[in-house]
Amino acid sequence: MPAEDGLRISIRFATAADGPRCADIFLHGRRNAFSWQPEDRFGLDDYYDCVDGEEVLVAELDGAGTATRLIVGFVSVDAGDRFIHTLFIDPLWRGRGIGSALLREALALLRGSAELACASRNAAARAFYEHNGWTPVPGAGPEGDAAPLVVYRKSAL
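Numbering that gives the first Met the number 0 applies: residue 0 is where the sequence shown begins, and numbers increase by one.
Be careful, since some hints might not be right.
[Said to hold, decoys possible] Pairs of lysine to any residue residues, derived as SDA-like cross-links and limited to a Cα-Cα distance of at most 25 Å, are as follows: (1) Lys153 x His130; (2) Lys153 x Pro135; (3) Lys153 x His84; (4) Lys153 x Pro137; (5) Lys153 x Leu69; (6) Lys153 x Gly132; (7) Lys153 x Asp44; (8) Lys153 x Gly111; (9) Lys153 x Ala78; (10) Lys153 x Phe82; (11) Lys153 x Asn131; (12) Lys153 x Arg103; (13) Lys153 x Arg68; (14) Lys153 x Asp77; (15) Lys153 x Glu53; (16) Lys153 x Asp61; (17) Lys153 x Ala126; (18) Lys153 x Asn121; (19) Lys153 x Ala118; (20) Lys153 x Pro19.
Everything labelled a hint here was simulated from the structure, so no lab data went into it.
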């Protein structure tokens, strides 16, 4: 997938070596997305707990003509529940279609319909999912942690 500045983004399954970079993106992304929560509520180890037993896809920046490769985002999928669990993009790389590409790949991996949940207070994420064709499921959002969730559903094309 072409990105700005002649760089390319590729999506692949994550390896154990990708964990520290994904954990960093996850930590900073959660602190930003859940700004109403205290920063110390989140830690680097949360990533590993959150994606345990899930398939993780990473979006990797391929430096044009160089050996430099950088993970700029990831998505985790619970195939058994047909659920997209997490999606986070490095803030420096947002707005370039990377999140949309990861969502498409996750949906293709699930080969059918899938659901995801988003904190109702996270207006930017909700707008992003709706822009990408995800539809809220009426009455499906469980309440908890003082932040009700909105559950979204989409079918593969």
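Now for the hints, and whether the structure bears them out:
no.	hint	verdict
1	Lys153 x His130	holds (12 Å)
2	Lys153 x Pro135	holds (9 Å)
3	Lys153 x His84	holds (14 Å)
4	Lys153 x Pro137	holds (14 Å)
5	Lys153 x Leu69	violated (29 Å)
6	Lys153 x Gly132	holds (7 Å)
7	Lys153 x Asp44	violated (30 Å)
8	Lys153 x Gly111	holds (8 Å)
9	Lys153 x Ala78	holds (15 Å)
10	Lys153 x Phe82	holds (10 Å)
11	Lys153 x Asn131	holds (9 Å)
12	Lys153 x Arg103	holds (10 Å)
13	Lys153 x Arg68	violated (31 Å)
14	Lys153 x Asp77	holds (15 Å)
15	Lys153 x Glu53	holds (19 Å)
16	Lys153 x Asp61	violated (30 Å)
17	Lys153 x Ala126	holds (15 Å)
18	Lys153 x Asn121	holds (19 Å)
19	Lys153 x Ala118	holds (17 Å)
20	Lys153 x Pro19	violated (30 Å)
Hints 5, 7, 13, 16, 20 from the list above are not met by this structure, while the remaining hints are.
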